[in-house]
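Enquirer: Going line by line, the protein sequences match chains A and B. As numbered in this note's numbering, residues 318 to 525 make up the first sequence, in order. As numbered in this note's numbering, residues 318 to 525 make up the second sequence, in order.
FYI, nobody ran anything at the bench for these hints, they're computed from the structure. One or more hints might be untrue.
Since the list gives no way to pick one copy over another, a pair counts as held whenever it fits inside one copy or between any two copies.
[Stated by the list, open to error] Result set (BS3-like, lysine-lysine): computed pairs, CA atoms no more than 30 Å apart in a straight line:
1. Lys-525 - Lys-422
2. Lys-401 - Lys-468
3. Lys-425 - Lys-525
4. Lys-468 - Lys-425
5. Lys-468 - Lys-368
6. Lys-520 - Lys-422
These numbers were taken from a predicted model, which means no experiment stands behind them.
Below, each chain spelled out in residue letters.
Protein chains: 2
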Amino acid sequence: MPEILIRKPQATRRYAAVEQVLIDYIRQIAPISDAEIETILELITIRSYPKGRLLLREGQVANICYFVLQGCIRQYFLVDGQEKTTAFFTEGMPVSSNGMPFDNKISKSFLVCNEACTLIEGREEDEAEFFNRLPRMEMLGRIGVEMELQKSQEALAEYILTSPEERYLNLLETRPDLLERVPQYQLASFLGVTPESLSRIRKRIMAK
Amino acid sequence: MPEILIRKPQATRRYAAVEQVLIDYIRQIAPISDAEIETILELITIRSYPKGRLLLREGQVANICYFVLQGCIRQYFLVDGQEKTTAFFTEGMPVSSNGMPFDNKISKSFLVCNEACTLIEGREEDEAEFFNRLPRMEMLGRIGVEMELQKSQEALAEYILTSPEERYLNLLETRPDLLERVPQYQLASFLGVTPESLSRIRKRIMAK
Numbered sequence: 318m319p320e321i322l323i324r325k326p327q328a329t330r331r332y333a334a335v336e337q338v339l340i341d342y343i344r345q346i347a348p349i350s351d352a353e354i355e356t357i358l359e360l361i362t363i364r365s366y367p368k369g370r371l372l373l374r375e376g377q378v379a380n381i382c383y384f385v386l387q388g389c390i391r392q393y394f395l396v397d398g399q400e401k402t403t404a405f406f407t408e409g410m411p412v413s414s415n416g417m418p419f420d421n422k423i424s425k426s427f428l429v430c431n432e433a434c435t436l437i438e439g440r441e442e443d444e445a446e447f448f449n450r451l452p453r454m455e456m457l458g459r460i461g462v463e464m465e466l467q468k469s470q471e472a473l474a475e476y477i478l479t480s481p482e483e484r485y486l487n488l489l490e491t492r493p494d495l496l497e498r499v500p501q502y503q504l505a506s507f508l509g510v511t512p513e514s515l516s517r518i519r520k521r522i523m524a525k
Numbered sequence: 318m319p320e321i322l323i324r325k326p327q328a329t330r331r332y333a334a335v336e337q338v339l340i341d342y343i344r345q346i347a348p349i350s351d352a353e354i355e356t357i358l359e360l361i362t363i364r365s366y367p368k369g370r371l372l373l374r375e376g377q378v379a380n381i382c383y384f385v386l387q388g389c390i391r392q393y394f395l396v397d398g399q400e401k402t403t404a405f406f407t408e409g410m411p412v413s414s415n416g417m418p419f420d421n422k423i424s425k426s427f428l429v430c431n432e433a434c435t436l437i438e439g440r441e442e443d444e445a446e447f448f449n450r451l452p453r454m455e456m457l458g459r460i461g462v463e464m465e466l467q468k469s470q471e472a473l474a475e476y477i478l479t480s481p482e483e484r485y486l487n488l489l490e491t492r493p494d495l496l497e498r499v500p501q502y503q504l505a506s507f508l509g510v511t512p513e514s515l516s517r518i519r520k521r522i523m524a525k
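Can you make the complete structure from the sequences, with help from the hints?
Expert: Following this line, the structure appears as structure tokens:
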């Protein structure tokens with residue numbers, strides 16, 4: 318790909334903070350050359366959305382997958398008219414909770430920008446060219462998804478094993494930022510308790 | 318790979334039932350040629366284990382991943398000396414709940430053969446040759462793991478959203494075989510209830 322060779326020199330430029338989020342994510346999977354990074358940045362689509370924007374509705378076809386460069390996406394289900402929060406996706410997290418990317422599955426859940434978000438948008442029609450230009454990304458992609466699978470399965474095991482208070486303490490340890498940036502009623506729903514029990518849990522923990 | 322061409326004719330043979338489980342799994346991801354199947358069957362390691370065999374212990378390095386051709390593997394954690402069951406892996410399910418394959422992570426959980434099992438064992442040292450011989454499997458692998466990720470994330474959302482009784486009804490619908498082949502106390506632990514509450518749930522459902 319001569320184009321990459323030509324672009325190589327500028328690959329030494331400093332990357333934008335949002336670009337760095339993606340680069341750090343990829344580099345935790347495997348080493349990657351500046352040339353490859355340039356090609357990736359050239360092929361991906363980055364978009365920004367305001368706080369409150371619905372990215373996906375229940376009943377809608379989930380045909381876009383996201384990667385969070387900045388902000389927080391919340392997944393929730395409507396159960397008897399009540400929002401039940403099941404996931405928060407923040408910087409460096411792929412958003413794949415709405416069916417296998419590109420299987421055109423009808424979504425059962427909602428995705429909303431809990432904050433102003435800057436996201437990579439992955440569309441099926443772009444995937445072929447992406448992997449043609451960057452065949453090695455097929456392998457990195459597989460390993461990356463394996464990492465996400467591990468995290469997801471650990472999260473499920475944790476949810477089965479722990480009490481809401483233990484889950485809160487785990488969040489405090491693993492995702493302290495979440496406790497600051499997410500409204501308490503959403504956090505309570507995510508932990509599987511009422512807002513009242515969550516504030517009792519917080520009081521107990523402060524008291525310790 | 319001339320060897321494959323030579324083996325091609327015999328690819329029309331009927332496959333063993335356990336082999337068919339793997340072939341069906343791959344074919345739900347993408348079409349695959351008889352020649353590719355022959356190569357896969359030639360490269361994989363299939364082993365059988367007796368009921369009760371521990372495949373992985375807490376504290377042990379998880380450096381083998383499995384795919385269940387026959388039988389049932391149970392994942393559990395020891396919490397205050399009590400077994401807490403977090404997953405059952407049956408025919409056609411990859412077992413990847415112990416860290417990303419090959420990241421040599423210390424396992425927090427146990428894997429036990431709940432029945433006599435026939436498994437594909439994946440070892441890191443075999444992976445390179447596998448993907449060299451079958452480069453296209455890199456892509457199928459990624460899509461396969463994406464499918465597992467979707468299932469895992471749906472399972473987590475379901476666990477957050479549902480009551481133990483709803484989870485039991487979902488199992489009845491999605492994995493009825495599990496209710497027959499798994500001891501009630503393990504099922505109860507998996508559903509997050511005591512064996513007593515599980516039998517109450519069953520009575521309520523029968524009564525309907």
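Enquirer: Under the constraints set out in the numbered hints, which ones does this structure not fulfil?
Expert: 1 and 6
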